[in-house]
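S.K.: As a plain string of letters, each chain reads:
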Amino acid sequence: MGGDLMPLILLKEGQEGIVHMVSGGLGLIGRLASLGITSGMRVKVVRNIGGPLIITTNGTRIAIGRGQAQKILIRRLAAGMVQAEIA
Amino acid sequence: MTAGKDLLVALAGQPNVGKSTVFNLLTGLSQHVGNWPGKTVEKKEGFCSTNGTRIKIVDLPGSYSLTAYSEEERIARDFIINERPDAVVLMANASALERSLYLLAEFLLLKAPVIFALNMTDVAEQQGIRIDVGLLEKYLGVPVIPMIASKNRGTKALISEILLLTEGKKENRPSLAEVSDDHKEIFLELADILEQYITPPYLTKWTITKIMEGDPDITEKMSRTVRPDSWNKVQALLRKHEDSLLAVVKGRYDWIEGAVRASLSEFKRGQILLTDRLDHVLTRPVFGIPILLGVLALVFSLTYGLGLPLQQLLESLMNSLAGWVEPFLGKSFWLRGIIVDGLLGGAGTVMTFLPVLFFFFAAMAFLEDVGYMARAAFVMDRFMHVIGLHGKSFLPFCLGFGCNVPAVMGARILESGRIRFLTIFLTPFVPCTAKLAVVTLIAAAIFGKTALIMSWALVAGNILILGFAGFIASKFLFKKQHMPFIMELPFYHKPNPRTIGMVVWKRITAFIRKAGTIIVIFSVLLWLLSHIPGGHIEGSILGLVGQSIEPIGGPIGLDWKMIVALLASVTAKENSIAALGVLYGVGEEGIRGILPTVMSHASALSFLVILMLFVPCVATLVVMKQEMGGWRWFLSSFLFMLVLSYVSGMAVYQFALMVGL
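If you read the protein sequences in the order shown, they are chains A and B. Note that this note's numbering gives residue 85 to position 80 of the first sequence, counting from 1, and the numbers run on in steps of one. Note that this note's numbering gives residue 477 to position 462 of the second sequence, counting from 1, and the numbers run on in steps of one.
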């Protein structure tokens with residue numbers, strides 16, 4: 006597999022990762038899942054400079070609070086292995 | 016086809032998929048906007064007739080899924096379960112197919128006769144995404160209609176598909192998402208235990224899935240009907256498999272992946288999207304905030320530059336109207352007073368603000384439609400946190416600068432009840448056009464050369480107090496709680512005049528309806544109270560009330576006439592000017608001349624501060640009560656405003672005396 010496990014909030018702008026798991030209440034998990042943020046989905050951080058983050062997933066841009074971003078555990082993709090991971 | 020047959024069609028979809036555009040295209044002006052029974056969620060219905068078939072279209076609230084965690088989602092799913100519409104048109108965004116398919120999976124589980132309307136195919140093409148409609152249709156087992164609603168393409172095909180489907184001429188054999196393989200067994204075990212308890216209109220598969228998702232509504236419902244020992248078994252199973260929700264979600268995404276792999280092809284995606292480029296600048300606080308301030312300044316100068324001359328024109332028309340009807344009213348003092356001073360002078364003045372509101376709401380609707388307001392909400396989020404809110408509350412606040420009535424209703428976009436309450440609670444502290452008009456006029460009369468500075472200082476102070484009120488309220492009244500901020504940032508796109516027009520129309524009519532009913536009644540009532548019994552204000556009920564509470568005016572530097580004018584401002588803020596005119600016996604025209612002789616600088620400041628922070632107008636009060644849904648919050652907000660305005664007025668007055676203003 007490779008790649009480090011970390012909360013989404015630690016991803017820098019431009020970095021991508023695969024969602025490993027979302028912790029939190031069923032409400033939050035369900036809500037994020039409907040937006041495409043759930044185990045196995047690929048997300049990319051577009052903006053992360055204090056305040057909420059902007060991430061893209063499946064062609065959708067989502068603004069997400071820092072508290073929520075902390076609860077999303079992702080496996081970071083190194084730039085080179087993006088293709089391999091998807092395949 | 017039998018003539019005159021009625022069909023019931025639900026229009027569903029996630030936010031930002033062009034659902035309201037399609038609704039407007041289908042129903043035109045036949046639409047009716049109300050509320051879902053007992054809810055503060057908007058319900059839109061309309062009709063569309065074709066070949067003798069009347070199709071009733073119900074616009075379901077936009078939702079990302081069909082859980083029970085938000086009122087919107089619960090309404091949508093209850094409608095499908097209980098009303099069993101003949102067809103459900105599920106709008107999808109072709110450029111974000113996966114997400115739309117997630118909602119589709121939920122609808123199909125409910126055995127809803129779905130037509131999948133694939134909108135924004137042009138946007139998808141621009142982004143290098145092509146979807147093979149035929150293959151998608153084959154995979155899903157439901158009709159798929161490609162559409163470009165912004166260019167009115169695909170609506171005819173959609174309507175004929177609705178007819179084909181409801182006449183049974185088209186097969187509807189959807190493929191369903193299953194729970195992931197490792198949880199199939201648990202699913203079957205649960206089904207074994209629960210099947211006998213599931214009765215129509217609920218479906219077995221759907222109910223079991225919801226139980227696995229931990230859906231609070233269904234879990235509660237089942238726990239009441241299932242035998243205790245069986246229910247314990249269910250509980251034990253669920254405890255053992257805590258990850259059941261994930262199994263359901265994963266099953267859906269496996270199904271989605273299949274659909275995408277079957278039908279979607281991406282070609283050269285290298286082009287930098289407009290959204291990427293704009294967001295690069297607009298969502299960076301360093302640029303985003305100055306740009307936002309600039310945009311708002313532009314909106315305001317546009318609104319007042321275009322709106323105020325028209326407002327003045329309407330005002331003079333209103334005066335000529337008064338002069339014109341007066342001779343017809345005969346000699347009756349009461350009739351003349353009620354019509355000319357009460358109705359035209361009160362409610363009529365309020366109506367003259369329509370042009371200002373129109374330009375303001377048009378500008379706001381434009382910014383919303385092109386996708387900018389979501390970015391404004393994003394950059395404002397950090398500031399809104401200080402007052403216990405988050406970025407999404409920024410839009411209702413902005414609307415509040417026009418009129419508090421649509422602003423309070425605009426708080427509906429906030430999903431969490433608590434944050435919605437707090438937003439409504441704070442909205443009256445946003446200075447609306449009417450308050451600004453009073454401030455401008457009185458400041459001009461009293462402060463002369465420094466009027467502009469004073470007005471700005473008052474508005475700035477007002478906004479600071481809004482922040483302070485939010486800080487206090489979120490600390491003490493609404494205990495700090497975790498508030499998730501999750502908001503989609505739609506792609507920027509060309510403005511759609513039709514959608515903008517509908518939004519402006521909705522907000523303007525909300526204002527007119529209030530002005531035409533509540534404000535009319537209160538204007539007349541106010542006039543009567545200030546003339547009964549003697550025909551003079553001094554001896555009237557209102558005058559007596561004012562005089563009896565005059566002692567409380569001491570510390571804030573107001574005489575009883577100013578207090579009465581403040582009370583009158585509750586009808587509508589503009590009415591405080593008319594009231595001052597009447598009380599000082601000079602009419603509205605002479606007010607500029609007389610004010611400097613009766614109001615000291617300190618008193619005027621205190622008066623304006625209180626006016627801005629005081630209880631809002633009745634129209635706002637009525638919608639606040641309605642949207643807060645109960646007396647408790649409403650009354651606490653009422654008291655809070657009374658106390659805050661009094662204390663602030665006193666502080667300003669004493670300070671002004673100290674520095675010798």
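By construction, these hints were calculated from the structure, which means they are not laboratory data. Worth double-checking, as some hints may not be accurate.
Reference excerpt, derived from the structure (chain B facing chain A, CB under 10 Å, subset only) [claimed, not checked]:
#, residue
1, Ser110
2, Ile144
3, Val148
4, Ser280
5, Asp291
6, His295
7, Phe373
8, His405
C-beta: ideal position from N, C-alpha, C; glycine also.
S.K.: Each of the hints needs a verdict: does it hold here or not?
M.R.: Verification of the supplied hints:
1. Ser110: holds, 5 Å
2. Ile144: holds, 7 Å
3. Val148: violated, 18 Å
4. Ser280: violated, 14 Å
5. Asp291: Hint on B:Asp291: holds, closest Cβ of chain A at ~8 Å, below 10 Å.
6. His295: Hint on B:His295: holds, closest Cβ of chain A at ~9 Å, below 10 Å.
7. Phe373: Violated - the Cβ of B:Phe373 stays beyond 10 Å from chain A, reaching only about 31 Å at its closest.
8. His405: holds, 7 Å
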